[in-house]
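Here's the letter readout for the chains.
Number of protein chains: 2
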Amino acid sequence: MMYCMSVSHKKASVNIRERFAFSEEEKVEFVERLMKKEAVTGVVVLCTCNRSEIYVSGTKQAIGELQREAADFKGIRLEELLKYLNIYSGESAIGHLFKVACGFDSMVLGEDEILGQVKSAYEISKDQGAVDYEMNVLFQRAFACAKRIKTDTNLSRTPLSIATLVANEVFRFEKEGGEKNVMVIGMTGKMGNTITKNILSKPGIHVTGTVRSHKSDLTMEVKGDRVKVVDYRDRYQYMDEMDIVISATSGPHYTVTCEELSEQVTPGKRRLFMDVAVPVDMDPKIEEVEGLTLYNIDYFETLSKNNTEIKLKELDRANVIMKEDLDGAIKEVVFHPYIRRMEELKKTFAGKRLDTLLFEIRDHVSSEELKVVLKTLDGLESWIKEG
Amino acid sequence: MMYCMSVSHKKASVNIRERFAFSEEEKVEFVERLMKKEAVTGVVVLCTCNRSEIYVSGTKQAIGELQREAADFKGIRLEELLKYLNIYSGESAIGHLFKVACGFDSMVLGEDEILGQVKSAYEISKDQGAVDYEMNVLFQRAFACAKRIKTDTNLSRTPLSIATLVANEVFRFEKEGGEKNVMVIGMTGKMGNTITKNILSKPGIHVTGTVRSHKSDLTMEVKGDRVKVVDYRDRYQYMDEMDIVISATSGPHYTVTCEELSEQVTPGKRRLFMDVAVPVDMDPKIEEVEGLTLYNIDYFETLSKNNTEIKLKELDRANVIMKEDLDGAIKEVVFHPYIRRMEELKKTFAGKRLDTLLFEIRDHVSSEELKVVLKTLDGLESWIKEG
Chain A
39 MMYCMSVSHK KASVNIRERF AFSEEEKVEF VERLMKKEAV TGVVVLCTCN RSEIYVSGTK
99 QAIGELQREA ADFKGIRLEE LLKYLNIYSG ESAIGHLFKV ACGFDSMVLG EDEILGQVKS
159 AYEISKDQGA VDYEMNVLFQ RAFACAKRIK TDTNLSRTPL SIATLVANEV FRFEKEGGEK
219 NVMVIGMTGK MGNTITKNIL SKPGIHVTGT VRSHKSDLTM EVKGDRVKVV DYRDRYQYMD
279 EMDIVISATS GPHYTVTCEE LSEQVTPGKR RLFMDVAVPV DMDPKIEEVE GLTLYNIDYF
339 ETLSKNNTEI KLKELDRANV IMKEDLDGAI KEVVFHPYIR RMEELKKTFA GKRLDTLLFE
399 IRDHVSSEEL KVVLKTLDGL ESWIKEG
Chain B
39 MMYCMSVSHK KASVNIRERF AFSEEEKVEF VERLMKKEAV TGVVVLCTCN RSEIYVSGTK
99 QAIGELQREA ADFKGIRLEE LLKYLNIYSG ESAIGHLFKV ACGFDSMVLG EDEILGQVKS
159 AYEISKDQGA VDYEMNVLFQ RAFACAKRIK TDTNLSRTPL SIATLVANEV FRFEKEGGEK
219 NVMVIGMTGK MGNTITKNIL SKPGIHVTGT VRSHKSDLTM EVKGDRVKVV DYRDRYQYMD
279 EMDIVISATS GPHYTVTCEE LSEQVTPGKR RLFMDVAVPV DMDPKIEEVE GLTLYNIDYF
339 ETLSKNNTEI KLKELDRANV IMKEDLDGAI KEVVFHPYIR RMEELKKTFA GKRLDTLLFE
399 IRDHVSSEEL KVVLKTLDGL ESWIKEG
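From first to last, the protein sequence lines are chains A and B.
With our numbering applied, the first sequence closes on residue 425, and no number is skipped along the way.
With our numbering applied, the second sequence closes on residue 425, and no number is skipped along the way.
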C-alpha cells in the first residue's frame with residue numbers, strides 16, 4: 039500500500055514549508071534512513087516551492103514510521119508537524135500522485151514544470167533502490183498520464199497571463215535569418231520584468247531594456263549578453279533596429295509618440311508594437327507608420343478571456359484522461375497479487391461447475407456485488423467471442 | 039421489471055385518494071383489464087385509507103399502459119392524475135413494496151394492519167392468475183420480511199398512545215374467573231371513546247360508560263351488549279361492581295372523590311383506577327381505599343416516553359432486517375434469468391483458462407468492478423472449502 043504525507047500550500051504557510059524543505063542531499067539521506075525500517079519498501083521525497091511531499095510504500099506501519107522519522111529528521115515535534123499535514127492512503131494517495139504529476143494540484147492549474155520535479159524525485163529514489171514494484175508502476179503511470187494530457191489537450195499550451203501572451207507573440211513573430219531585436223520599455227517594472235524573463239526563455243532573441251536614469255535604486259539583475267540596458271531618454275535612437283517594441287510603464291504619458299517615431303524609423307520594415315500599459319503608453323496613431331502592427335492591452339485581455347474558456351474545456355478533457363489512467367493504475371495494483379496466485383487459484387477452481395460457483399456467489403454476496411459479477415459474466419461472453 | 043404507481047397521503051389529499059379508491063369488484067375488473075395488455079404480466083391493486091397503489095410487472099411499456107388505463111378507469115384526465123402520483127421502478131419499486139408491507143410507509147410507523155391488506159390485495163390477483171414469477175417472489179419475500187420484523191422486534195408491540203397504554207393495563211389486569219367490569223367516565227369524549235374501542239377489541243370485558251344527561255346531542259353509537267350507558271350522576275351506584283374505573287373528562291372537578299367512593303365501595307377488593315385527565319379527575323387520596331391502585335396521567339406519559347425510546351431502537355433493528363431481506367429479494371430477481379441460461383453459459387466458458395478470463399476482466403472492467411470480482415474470487419475459495 040502507498041501512502042503520502044504532504045506539507046503543502048493548502049495547510050502550511052511558506053515559513054512552515056521552508057522549514058520542511060529537503061535539499062538533494064537531505065532527500066538521499068532521508069530515503070536511506072527510512073528504507074532501513076522493516077515496514078517500508080519504497081520512499082520518494084518530492085520538494086517544490088509549494089509543497090514537500092513524501093510518498094512511502096509498505097505495510098500499515100509505514101505511514102507511522104514516516105511521520106516519526108520526518109519529525110525527527112527536521113527537528114519538529116510530531117504533534118506540531120501533524121497540524122500541517124495532509125495524509126493520503128491507498129487509492130487516495132494514488133489519486134493525489136496523479137493530480138500532482140499532472141499539475142492539477144498546482145497554483146497554476148495544469149502547469150507542467152511539476153512533472154519534471156516529480157520525475158527527478160522519483161529518479162533519486164530509483165537510484166537508491168528505494169522504489170518497489172507498486173511505486174514503480176504508479177509513478178510510471180502517473181508520468182505517462184501527465185504526458186498524455188500534455189500531448190492530447192491544450193491545457194499547458196493555453197496561457198492566461200498577459201506576460202506569457204506577449205512573449206508568445208514575440209516567439210510567433212516571423213523574421214527570416216538573424217535574431218529578433220526586442221525593446222522592452224519599462225523593463226524594471228513588474229510586468230516588464232516578467233515579460234523579459236519569458237522572452238529570454240527561448241534563444242535567438244535580444245532584448246534592449248530601457249531604465250530611467252534618475253532611478254538610483256536599480257536592482258534588476260541583467261544576466262547574459264542577450265540583454266542591453268539603455269537610458270529611457272535614448273529609446274528612440276535604438277528603435278529603428280528593433281523588430282518588436284513592448285511598453286509596460288505605469289506612467290501617465292506616451293512612451294512612444296507618432297511624431298517622434300516617424301522621424302526615427304525607416305518606413306516599410308515589418309514591426310510589432312505591443313502596448314500592455316494602462317493607461318496606454320503608445321500613441322494609437324503609430325499604426326499609420328508603414329509596416330507597423332500595434333496590439334494594445336484590450337487585445338491581450340480578449341485573448342486571455344478566450345483562453346480561460348478554452349482552458350476550462352481542456353480541463354474537462356484532461357480530467358477524463360486522468361480518471362481513465364488513474365483507474366488503470368489502480369487496476370494494475372489491485373490485480374498484481376493475483377498473478378502470483380494464479381496457479382493456486384486454478385487448482386482451487388479446477389473441475390468446479392459454473393452453476394455451483396454461481397449459486398455460492400448468489401448466497402454470499404450483496405445484491406450490488408451480485409450485479410457486478412453477473413454484468414462481468416455477460417461481458418466475458420462477448421469479450422471471449424471478440425478475442 | 040416491477041413498477042408501482044402510488045396515490046398516497048404523501049402527495050394526494052383525502053378527496054383525491056377517495057376518488058382513486060378501488061372496491062373489491064373494481065380491483066378484479068381493473069386487474070383483468072390490465073392483464074389483457076401485451077406489456078403486462080402481473081398486476082396487484084392495493085387500496086387502504088391512506089393509499090391506492092398499483093403494482094405492475096412486465097416490459098418497459100407496462101408502467102405507461104398502467105397510467106393510461108388507471109386514468110381511463112377512474113375517469114380522471116391523465117395530466118391531472120400525474121400530479122398526484124409517485125412512480126417507482128425496479129429496485130425502488132421493490133424497496134417501496136417492502137416498506138409498505140412492513141408498515142414503514144404508514145402514518146403509525148410499524149403498524150401491522152397494512153400487512154393483511156397487502157396480502158389480501160395479492161390474493162385477489164393470484165386468484166386471477168395475475169401474478170408472474172417476479173411478483174410472486176417479491177410479494178412472498180415482503181410478507182416473510184414483515185413477519186420476521188413482527189416476530190423478532192417489538193416494533194408493533196410498543197404502543198405510544200395513551201389510549202392504547204390504558205387498554206393494555208385493562209388487558210393485563212388479572213381477575214380469576216368471570217369477566218372484567220370496566221367503567222369509563224366520560225365515554226363520549228375523544229379520549230374516552232378511543233379507550234372504549236380499544237378495550238372492546240378483546241373479549242371478556244364489559245364497559246359501563248357514563249354520559250351527562252343534559253347533553254342532548256349524544257351521538258356515540260353504543261354497539262353490542264358489552265356496553266351499558268349510565269347517567270354520570272349515578273356513577274357511584276355502579277362503582278362497587280367495577281374492577282377498573284377509567285376517567286377521562288375535560289371538566290375542572292373531581293369525578294371521583296375519596297369521601298364518596300369510601301362510602302360506596304366494599305373495601306379490600308382489588309381495583310385499578312386510571313385517571314388520564316388533565317387537570318386530574320380523581321382525588322389522589324382514593325389510593326387510601328384498601329385494595330385500590332391508582333395510575334394518573336404522569337404514569338402513562340412516562341410509559342409513552344420510555345416506549346418512544348424503545349420504539350426507535352426497535353426501528354433500527356427492523357431496518358436492518360428489512361435491508362437484509364430486501365437485498366435477498368433483489369438478488370433472487372437479478373439472478374433468476376441466469377438459471378435459465380446456465381447451459382449456454384457453461385458451453386461458453388467450457389475449457390477456458392482462469393488466467394485468460396481474469397486478464398479479460400482486468401482489461402475491460404473499471405477498478406471498482408475489478409475489486410468486487412476479485413473479492414468474490416477470494417470469497418469463493420473459502421466458500422468452496424467450507425461447503
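The hints are simulated quantities; they were obtained by calculation from the structure and are not laboratory data.
Just to be clear, a hint being listed does not mean it is correct.
Copies of the same chain are indistinguishable here, so a pair counts whether it falls within one copy or spans any two.
Calculated pairs, DSS-like style, for lysine-lysine (alpha carbon to alpha carbon, straight line, at most 27 Å) [to be verified]:
#1 K384 <-> K409
#2 K409 <-> K98
#3 K218 <-> K137
#4 K390 <-> K413
#5 K385 <-> K423
#6 K188 <-> K343
#7 K423 <-> K390
These numbers come from a predicted model, not from an experiment.
Structure-based check of each hint:
{"no.": "1", "hint": "K384 <-> K409", "verdict": "both (24 Å within a copy, 19 Å between copies)"}
{"no.": "2", "hint": "K409 <-> K98", "verdict": "between (32 Å within a copy, 20 Å between copies)"}
{"no.": "3", "hint": "K218 <-> K137", "verdict": "neither (38 Å within a copy, 78 Å between copies)"}
{"no.": "4", "hint": "K390 <-> K413", "verdict": "both (21 Å within a copy, 18 Å between copies)"}
{"no.": "5", "hint": "K385 <-> K423", "verdict": "both (25 Å within a copy, 12 Å between copies)"}
{"no.": "6", "hint": "K188 <-> K343", "verdict": "within (21 Å within a copy, 65 Å between copies)"}
{"no.": "7", "hint": "K423 <-> K390", "verdict": "both (22 Å within a copy, 12 Å between copies)"}
Consistency with the previously given hints fails for number 3 only.
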